[in-house]
Amino acid sequence: MARLRIVELTKVFGTKKVLNNISIEVPEASFTSILGPPGAGKTTLLRIIAGVEPPTSGKIYLDDQDITLLPPKDRNVAMIYQTFALYPHMTVFDNIASPLRARRLSENEIKKKVKDIADFLGISHLLERFPRELSGGEKQRVAVARALVREAEIYLMDEPLTNLDYKLREAARAELKKMCKELKYTMIYATPDPLDALAMSDHVYVLFGGEIVQSGPTRKVYDFPDNIDVARYFSFPAMNFVECTVKHMDDKVAIKMPFTDIIVQKSEIDISEGEYIVGIRPHELKIMEKPSISGVSFKARLRLTYVIGSESIAYADAGETSLAIHVPFIYKIAEPKEVFINLDPMKILIFDKEKRKRVWPR
Amino acid sequence: MKPRNLILLTTLPTLFFLFFWLFYPFIYDIYFSLFYFRLTRPELTRFIGASNYVSILSDPDFWTAAGNTALFIVSCLVIEFFLGLLLALILSFDFKGIGVLRTLYILPILLPPISVGIIWRLMFFPGMSPINYILETLFGFKVDWMGGGIASYLAIILIDAWQWSPFIGLILLAGLLAMPPEPVEAARIDGADPIRVFFHITLPYLKPVILVALILRFLDLIKIFDPIYAIVTGGGSVMETLSVFIYKRGFKVLNIGYGAAVSVIFWIAAFVIANIAVRRFKEYLV
Amino acid sequence: MVEVRLENVTHIYDKRVKAVDNLNIKFIDEKLTALLGPSGCGKTTTLRIIAGLIRPTKGRVFFDDKDVTDLPAEKRNLSMVFQFPVVYTTMKIYDNLAFPLRLKKLSKEEIEKKVKEIAEFLGLKQYLEIKPIGVPADLKQKVALGRALIKETGLLLLDEPLTNIDPKARIELREKILDVKRRLKQTIIYVTHDQAEALTLADFIGIMKDGKIIQLGTPEEIYERPNNTFVAWFVGNPGMNLLDADLVETAHGYFLDISGFRLPIPEDMGKFVRSRISETKLILGIRPEHVDLYTKEVEGGIPGKCLTVEDMGALFIETVRVGEVELKVKTTEWVGEGQPIWIKFPGEKVRIFDKSGKLIYG
Amino acid sequence: MVKKTTILAVVAFIILGIWTFFPLYYAFITAFKSRIEITYWPPTFIPKEFTVHYWIIVWFDRPTLAYYRNTVIASVLSVIISLAFGIPTAYTCARFNFRNRADVLFTILTFRFLPPAAVVIPLYIFMREARLLDTPIGLAFIYGAINLPIVVWVLRSYIIDIPPELEESYMIDGYSRFRAFTDITLPLIKPGLIAVSLLILALSWGEFLFAAVLTTSPMGKTLPVGISEYMGGEWGYEWNKIMAATFYGILPLIIIFLAIRKHLARGLTFGIVR
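Chains as they are written, first to last, in this note's numbering: chain D, 1 to 362; chain A, 1 to 286; chain R, 1 to 362; chain E, 1 to 274.
Everything labelled a hint here was simulated from the structure, so no lab data went into it.
Among the hints, erroneous ones may be present.
Far from chain D by the CB rule (all over 10 Å, computed), these chain E residues [what the hints assert, rightly or not]:
| # | residue |
| --- | --- |
| 1 | 53 |
| 2 | 111 |
| 3 | 135 |
| 4 | 170 |
| 5 | 171 |
| 6 | 259 |
The calculated lysine-lysine pairs, modelled on DSSO-like cross-linking and capped at a C-alpha distance of 30 Å, are [said to hold, decoys possible]:
| # | chain 1 | residue 1 | chain 2 | residue 2 |
| --- | --- | --- | --- | --- |
| 7 | E | 4 | D | 111 |
| 8 | A | 282 | R | 92 |
| 9 | R | 75 | E | 4 |
| 10 | R | 344 | D | 167 |
| 11 | D | 332 | R | 176 |
| 12 | R | 281 | R | 212 |
| 13 | R | 31 | R | 58 |
| 14 | D | 181 | R | 31 |
| 15 | D | 59 | D | 73 |
| 16 | R | 344 | D | 299 |
| 17 | D | 286 | R | 349 |
| 18 | R | 92 | R | 108 |
| 19 | A | 2 | D | 73 |
| 20 | D | 17 | D | 286 |
| 21 | D | 256 | D | 181 |
| 22 | D | 286 | D | 357 |
| 23 | D | 355 | R | 168 |
Predicted model, so just to flag it, every value in this text is computed and none were measured.
Note that the Cβ used here is the ideal one computed from N, Cα and C, for glycine as well.
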C-alpha cells in the first residue's frame with residue numbers, strides 16, 4: 001500500500017485542456033472518489049495515474065518515488081475499467097492470472113493465488129469459463145479479482161458499477177466498501193454518481209471540466225458545497241435553488257423568497273443585505289396537511305410524485321417556483337392538490353448570486 | 001517508446017514503400033514524357049519538350065478514349081446500381097437456405113476480371129456465341145458483339161455489370177441487414193404499405209451505404225482495362241478507354257515518351273478525382 | 001377503449017429460446033399496465049406480439065374479444081413508441097407527425113389542425129419545420145410519442161420509452177406520459193426494467209421473469225404484498241431482506257428461529273403459518289425501511305452490530321449483523337461502523353414465505 | 001398481397017440466377033466439349049461427347065505449371081509484404097489520434113485508385129534495370145504496394161473494434177505495449193487478419209495489367225497472362241482448352257471466396273461497411 005500524490009498535473013489533447021492543474025493527495029489505506037459528470041476528465045486522470053497516458057505536465061509520486069515517466073508495467077498500479085476489459089479470448093483463470101504471469105511467478109503459485117482470490121470473491125466455479133459466458137455481475141467480480149490478485153500499491157476504479165443493473169449496484173456498494181476497509185486498500189474511485197461517492201468514500205474530489213472545484217472529507221463536501229455547481233451536482237435528490245433578497249430589520253434578517261419569507265435572528269443567520277440564491281435540499285422539505293408551528297410553512301400545489309424504489313420525490317409549485325421534495329416512503333397522489341410545505345431555516349444554504357459562492361453557513 | 005516515434009516508425013515505411021512503387025514511377029513518367037523515346041530505337045532519343053502533350057491533346061483518339069472512359073463509368077454505374085439494388089433486395093429475404101444463395105449470387109466478385117473477360121469472350125465469340133443463338137431463336141436477330149461500335153460497347157458494359165453488380169448488391173445487402181428493425185416497424189404501425197416503407201424508410205436509410213458503393217465502383221471504373229482487353233485482343237474491334245489507350249500507344253507500339261505523357265495526364269486526373277472522392281469517407285475515420 | 005387479452009401465448013426464438021412461456025394476461029381497458037422485469041424476461045417480446053410485429057409460436061391475442069393473432073401490425077390500429085427513438089430523418093418534424101394521418105387519407109386541413117394540437121401539447125411547435133437530424137434523443141422521442149398519439153388509437157404500447165433519454169430530460173417526458181394517461185382514455189401497456197417508472201406511472205404492474213407473469217397487481221399490492229420472494233427482492237430499493245427461518249412451537253408460544261437468534265411471533269400468526277406449511281422451514285421477509293433500529297438497548301430488541309454504512313444523502317443504508325445473518329436497514333440517523341445496535345421487526349410489516357418462495361403470511 | 005411479393009421475388013431470383021450462372025455454366029461445359037463440338041452451330045448446351053482430355057492436356061502443351069508457380073509466389077509474397085508494412089500502420093492509425101492521421105490514411109487510400117496503366121511504363125524500365133523482369137518477385141512488390149491500402153484500412157477497422165482498454169489493462173497488468181499487441185489485439189483480430197490476407201491473395205492472383213507488361217518470357221508469366229495468351233494465335237479457337245485453364249485458374253479463388261464470404265463486404269469497402 002502506498003499514498004499517492006499528484007502535483008499540478010495538466011493534460012492537453014490537441015488544443016483542448018482536459019485536465020488543468022490537478023493536485024491530489026490520497027492517503028494510504030483510504031477510499032477517495034473522483035466525482036464529476038461524463039467528460040470531466042475522470043477516466044483520463046485514472047489512465048494517467050495508471051501510466052497508459054502520459055501527462056502534458058505535472059508530477060505523480062507514489063510514496064516519495066516520482067513515477068510520472070514510468071511505463072505502466074513498472075508502477076504496480078491496478079485498474080478496473082468501466083467495461084471491465086476482460087480479455088475475451090482467455091478463460092477467467094487466465095484473465096486473473098495475467099498480472100501474475102507478467103511477474104513470472106511459478107505456475108503453482110499462480111494457481112494458488114488465483115484460487116484464493118476466486119474463493120474470496122465467490123467465483124471459483126467460473127474459472128474455466130470465457131468472459132462471454134458470464135453475466136454482468138460475474139464479469140465485474142472477475143475484473144475485481146484480476147486487480148486484487150496482486151498486491152498493487154494503488155487500486156483505480158473507473159465507474160465499475162455503471163454497467164451493472166440497479167439490483168446488483170445496491171449490493172455491490174456495500175460489498176466494495178467492506179472489502180476495502182478489511183484489506184486496507186488505497187482506492188481511487190471515479191464516478192459520475194453522487195450516491196457512489198457518498199456511500200463509499202472517505203474523501204472526495206469534485207472534478208468539473210478538467211478542474212478540481214472542491215475537495216475534502218466526503219460528507220463535509222456534501223454538507224457544505226463551496227458553490228452552486230457543486231451543490232447542484234453533489235446532491236441527491238438534486239437540490240432546489242430559489243432566488244431571494246435579504247433585508248435587515250433591526251436585529252432580524254429577512255430572506256425574501258418568491259413564495260415565502262424566512263425571518264430569523266441575526267445571530268442565527270448572519271449575512272449582509274442583497275441578492276442571493278437559497279439552496280434547499282429536497283429532504284429538508286416536509287409535506288404537511290396543516291401549517292406547522294416550527295420552521296417556515298407555505299402553501300404549494302403538489303403536481304406529481306415520482307416513486308424511486310422505496311422512496312418518492314414530489315414536485316410542488318409554490319407560486320411560480322417548482323420545488324422537489326424527498327419523501328422517505330412510497331407516496332402517490334391521484335390528482336394535483338394543495339398542501340403546506342414546511343422548511344427548517346437552519347438547514348438552508350445561501351449562495352452569492354453573482355459569484356455563485358456559498359456565503360452561509362460560513 | 002514515445003508515441004511520436006512509434007507513429008513515425010509505423011507510418012513512414014508504409015508511405016515510403018507506396019511512394020517508391022507508385023509515385024516515383026510517376027516522376028519518371030514526367031521525365032520520359034519530355035522526350036522522343038522508343039525502346040526499340042534508343043539511339044533516336046531526344047528532348048522534345050511539350051511536343052508529346054501537344055500531339056496527345058490534339059489527337060482525336062485520345063479524346064475518344066477519355067470520352068469512352070466517362071461514358072463507361074456512367075453507364076456501368078447506373079446499370080450496376082439498379083441490378084445491385086434488386087439483388088440486395090431479394091437476398092435480404094429471410095428463409096431457409098438464404099445463406100447459400102447469398103453466397104452463390106455474389107460469386108462473380110472475386111473472379112479475376114481477365115478470366116471474366118475470357119468467359120464472356122466465349123459468350124460473344126462470332127460464330128459460336130450462345131447468346132446470339134438464344135437471341136436468334138427467341139427474337140430472330142444476331143449481334144456482332146466484337147465487331148466494334150455500339151454492340152461492343154454494350155458487351156463490355158454487360159461484362160462489367162455481370163461482375164460488379166453483385167459487388168454493389170453485397171454492400172447494399174450488408175446495409176439492409178444492419179438496418180435496425182424499429183423504423184420499418186414504426187412505419188408499419190403507422191399504417192404504411194411495403195412500397196411506402198421502402199421509399200420513405202429503407203432507401204433514405206441506405207443512402208450513405210449506396211454512396212460508398214458508388215464511389216468505390218466509380219474509382220475502380222476509371223481504371224477499366226481487363227474486360228476491354230479481353231474483348232479487343234486478337235482481333236476484336238477498338239473500343240478504347242484511357243487505360244487501353246496507354247497500353248496500346250505506349251507499350252505495344254513502344255513509344256515510351258508518348259505513352260508517358262498520356263500517363264501523366266491520366267495519373268493527375270485520377271489522383272485528383274480519387275483524392276476528392278475518398279475524402280467523402282471522412283465520417284468513417286472515427 | 002381496447003381490452004387486450006393474451007391466451008396461452010408462447011413464443012420461442014430460433015427453435016430454442018423460450019422468450020414467452022404460456023402467458024395468460026388481461027390488460028384492463030383504459031388503464032396503464034406496466035410490464036416490469038429484468039432484461040431477458042420476455043417483456044419486450046410480449047409487447048411486440050401484441051403489436052403484431054411478431055407472430056407468437058402458440059396462443060391467441062384478442063382485442064375486445066376479437067381474435068387478432070393473424071392480423072399484421074399495419075391493420076391492428078394501435079400505436080407504439082420504441083426504446084430507441086424512431087423518427088423519419090428524411091421528413092420534417094411536421095411531416096413526421098402528419099405521416100400516420102396522411103396514410104389514413106385525412107384532409108389537409110384536418111391534418112394541420114391535429115398536428116398543431118399535438119405539437120402544442122408536446123412543446124414541439126418551434127421545431128416543426130426542421131428535420132430531426134442531430135437533435136437530442138428526448139426531442140426525437142417526443143416526436144415519436146406525437147406520432148403515436150396523433151392517430152388516436154385505443155391502444156398505446158410503450159417499449160422502455162425513457163431508457164435512452166438523458167436523465168434530466170426524462171422528468172419532462174415522464175410528466176407528458178402522465179398527462180397522456182390522465183387526458184386520453186387509452187389502454188396503455190408500458191414495458192420497463194425500471195421499477196421507479198412502473199411504480200410511478202402504472203395502475204397495474206405485471207412482474208415478469210423467465211417469460212412468465214409472476215404477479216399482477218396495483219403498485220401498492222406489489223410493494224406491500226409481493227406474492228413471492230423474487231418480487232420482494234426485485235421491487236424496492238434496496239429489496240426486501242429475506243432471512244431463512246425455522247418455525248418453533250414451545251410452551252411459551254411461537255418463535256422464528258433465525259440462525260443465531262430467536263424472534264417471538266404472535267400466537268395467531270404462528271398458528272396461521274403452521275397451518276399453511278408442511279415443514280417448519282420458511283423465509284422471513286422485511287423491508288429495510290421497516291426494521292426499527294436503536295443505538296441503545298430496548299425491550300425486545302435483538303442485539304447486533306453495524307457493519308457498513310452507505311450514506312445516501314437523505315437516508316442511510318446500514319448493513320447490520322444480528323446473530324449470524326446480515327440485513328439492510330434504512331435509517332435517517334447516521335450510525336457508525338462497528339457500533340452496537342438493537343433491532344426490532346414490527347409485526348405488521350413482517351412477511352412470511354414458504355421455502356419455495358411463495359407468500360403465506362402478510 | 002403477400003403472395004404477389006413472393007411470386008415476384010421467385011421470378012427475380014430465377015432471372016438473376018440465370019444471368020449469374022449461365023456464363024459460368026456454359027464456360028464450364030465448354031471445357032468438356034471436343035474440338036469439333038465447340039464449333040457446332042447451334043451451340044450445344046450439354047456436351048454430346050463428354051471428354052476430360054483437355055483438362056489434362058492444358059498442363060502439357062503450355063507451361064501451365066510454371067504459370068501456376070509464378071502466380072503462387074507472386075501472390076503469397078505480396079501478402080507477406082503488404083502485411084509487414086500494413087499491420088504496424090493499421091495499428092497506430094487505429095490507436096493514436098495524431099495530427100496528420102487523416103491525411104496519412106487518405107493518401108494511402110488514394111494510391112489504391114491510381115490507374116496501373118499510368119505507372120506501368122517506368123516500372124517496366126525500372127524492373128528491366130533491376131533484373132526483376134519476368135520474375136514473380138518483382139510483381140510481388142508491386143502487388144504488395146497496390147494492396148497495402150486495403151490492409152491498412154481494413155485492419156484498422158478491425159483493430160478499432162477491439163476496445164483499447166483491453167490493451168491498456170494488459171499493460172497495467174505488467175506487460176509492454178508490444179506484448180499487449182501480440183497477446184491481446186492480434187488474437188482478437190485473427191478472423192479479420194485471415195480474411196484480409198486471403199482477399200489480397202485473391203486480388204494479386206488475378207491481377208492482369210502489371211503481369212502482362214512485366215512478364216514476357218513463357219516461363220515468367222502468371223496464370224492470367226498465360227491464359228489470356230491462349231486467346232491469340234493458333235490456340236484462338238480452342239475454347240475447350242482455354243476454359244479448362246481458366247477454371248484451373250479460378251478454382252483457388254472460389255475456395256478463398258467461400259472462406260472469407262462473411263468478411264467480404266468489409267474487405268472490399270476498406271472496412272467502411274461492416
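Unmet hints by their number, sorted upward, for this structure: Of the numbered hints, 4, 5, 7, 14, 16, 20, 21 do not hold.
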